[in-house]
Amino acid sequence: MKKMQKILVLMVVIMTGLVFSVPASAAGMPPAVGGQLPDMKIAMPRDSGDKAYLGLSFGFGSFRIPQIKAKVVIVEIFSMYCPYCQKEAPIVNQLYAGIEQNPALKGKIKMIGIGAGNSLYEVETFKKRYNVPFPLLPDGDYVIHRQLGEVRTPYFIGVKINPDGSHQVIYSRLGAFDGVDQFLSTIIKLSGLQ
Amino acid sequence: MKIFHYIVFSLTAAALIIFPCGQMAYGLSDAYKNNVYQTGQLKPKDSVLKVKVGSKAPDFTLKAVSGEKVSLKQFRGKKNVVISFVPAAWTPVCSDQWPGYNIVKDIFDQHDAILLGITVDNIPTLFSWTNQMGNLWFPVLSDFWPHGKVAASYGVLRSDGTSERALIVIDKKGMIRYIDVHDINKRPPFEDLVRELEKIKK
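Those sequence lines, one after another, are chains A and B.
1 is the number of the first residue of the first sequence in our numbering; add one for each residue after it.
1 is the number of the first residue of the second sequence in our numbering; add one for each residue after it.
If we strip away everything but chain B, and leave its shape as in the complex, we get (with noise of 0.2 Å):
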């Protein structure tokens, strides 16, 4: 009996070599030459949601990078919102989820959307980082103080400070429709959120 541990012992021990637990790759755009810091692999997920879908968006005003303030309810009957909180400017993955939304206005335009990016970050960081991104199409705000305030009201401020990578899809009404508090070391895939909008639509 005891060599069959003993075989269960040495097949685990194979299958951790063979499927290690790796460092993941990002396909960092030569934009931010070596300038982005390595994070290495985080915690998934390290918060406790406050919000369900279903239930009403918490408002909020911050101050965007351009200057000027916007407020969640000045979307309220005109637009659906799409809010995208990236963890920290010059991170590996975040670095390379903004300039993606930045091609496909066309996408958000059609489902009569609206993307709010927000980070942790102050705005001269922000204005710094997101200028390697290109001419963003949407307004980048600033949740840096009080801290975090934002996150923390929807439950995705994580315990280091910085905010869980999530989407949050919020209907004309104010209504959160989609929460997806993504593995923070993972780009969100763009076709789940397109699916999102969809079903809003509809």
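Bound-form chain A, shown alone (with noise of 0.2 Å):
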């Protein structure tokens, strides 16, 4: 009777040692078009101008996607270590004026970049090289990218925020966009927004 119980005790630990461990060690699938983020806790951005541009004045810790004070989110997935993103930037930044500049664009598409394994102090060296003028924040240890499946970088992610604080993922692509303005009219059309 006592083998009974200890070949009990040791299933339920293995079996609340399995159930605990799905979400921890399982790698995620690329965000796919029509679906959701998986549950990324992002570090807060530590300079108030992030902060407010995204809408967060008030928050500590991390934060999550869909508290963007934003109809459309674009993220992109990226190192100071990726040529590509290197590349790239000037270009990101030019999309970035290009929704400034636009009166029926600005205040509702809001873009941050996340730094794949990158430290603090490495996105904000490439944030400093390359002038890049919305937030860029660190994932270090890789737990972001891990949950977004391991995508290569620059990766391109678009979610649309509802009003009742539902998102829906309306764009996911790896690699460089065919041009600003190609780019900002297909999440403009995919979002919605005009």
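For the record, the hints were derived by calculation from the structure and aren't laboratory data.
Just so you know, not all the hints are guaranteed correct.
[To be verified] Partial chain A-side listing against chain B, Cβ under 7 Å, derived: (1) Met80; (2) Cys82; (3) Pro83; (4) Pro90; (5) Asn102; (6) Ser119; (7) Tyr121; (8) Glu122; (9) Arg129; (10) Arg152.
Being a predicted model, the structure only gives us computed values, none of them experimental.
Beta carbons are placed, not taken as given, at the ideal position from N, Cα and C, and that holds for glycine.
Put the complex together from the two separate chains, hints included.
Next up, the structure:
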């Protein structure tokens, strides 16, 4: 009888381990269009301008993308160490300028970059080198990168945020986009913004 | 008492399931497409250092991808030298290391430092590989033949013929000021190197 109890204890503990192991060990898949983002906790920007831009002025610790005050968020997964991200940086800056200079889009579409495997110092180095005007946030331990299916960089994700706080992935693609205007019209079209 | 052992065993088993020794995640640039060979998880370190902080850096002369020959002693009295040994061309973490250094020449300049990238690969391989990184501002040197001689003289040649992922900072007097034989599976955070360069400046 005692032996049975021991086996039971063993099984319960292992089963508990299995249940809790799923989110920790399973690498995610790249976000699918029409689906939702994984539950990504992003480090709160230190810069007050970045916080204000994202509408996160009163938060601490970390935030999630649907909390951003916007109708659409464009997320770039990049790395300071990635040659294509370096080459693409001026074009991505133009995309930001294109949004900010258009009164119909300013405040509605926001952008952030997440540095896969990059420390805070490394994302700030990239930001300074390319004068990146939108928030770049670190993912030093690749936690977010793993949740996103370890995508290669640069990778762009468009997220539509609904008035009720729910969200939906509208764009998810690897690599450089074909021109700022074309990319922006794709995002506008997919989001139903105009 | 035996039940206690069972519980300890069970908890250990559960912990192993929760925190597996999984594959590293790589923020690999699309610049390399599918041409980077996946090495999987490697033994973090596999060599014994032959140099130490405060000792004189062994001199060497190696051929660069650009064709010139580069000697350590040519920087004596002129520049601090950062040697970046990386294990091999076309491997995951290495492909994501030097391109980062390529955008921070100003930081090396501020610290009066030159960077020398060294691998045990031959020149044609290094040529093809570094071409994917854009135009590198620092020399990339081949320690191919006699194979890994320079890596061996520093004690960073691994038993499989590749080198460690190591950063070595040498001051203008030729003395070693910093050694980081990093876990081969991980990229050293750039701020650690900058902090060491700051120390030399003081």
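The hints, checked one at a time:
1. Met80: Since chain B brings a Cβ to about 5 Å from Met80 (chain A), closer than 7 Å, the hint holds.
2. Cys82: 4 Å, holds
3. Pro83: Interface hint status for Pro83 (chain A): holds (4 Å vs cutoff 7 Å).
4. Pro90: With a minimum Cβ separation of about 13 Å from chain B (threshold 7 Å), the hint on Pro90 (chain A) is violated.
5. Asn102: Not OK, violated: Asn102 (chain A) not within 7 Å of chain B, min 28 Å.
6. Ser119: Since the shortest Cβ distance to chain B is 5 Å, the answer is holds.
7. Tyr121: 4 Å, holds
8. Glu122: 5 Å, holds
9. Arg129: With a minimum Cβ separation of about 5 Å from chain B (threshold 7 Å), the hint on Arg129 (chain A) holds.
10. Arg152: Result: holds, 4 Å to nearest chain B Cβ.
Of the numbered hints given earlier, the model fails hints 4 and 5; all others are met.
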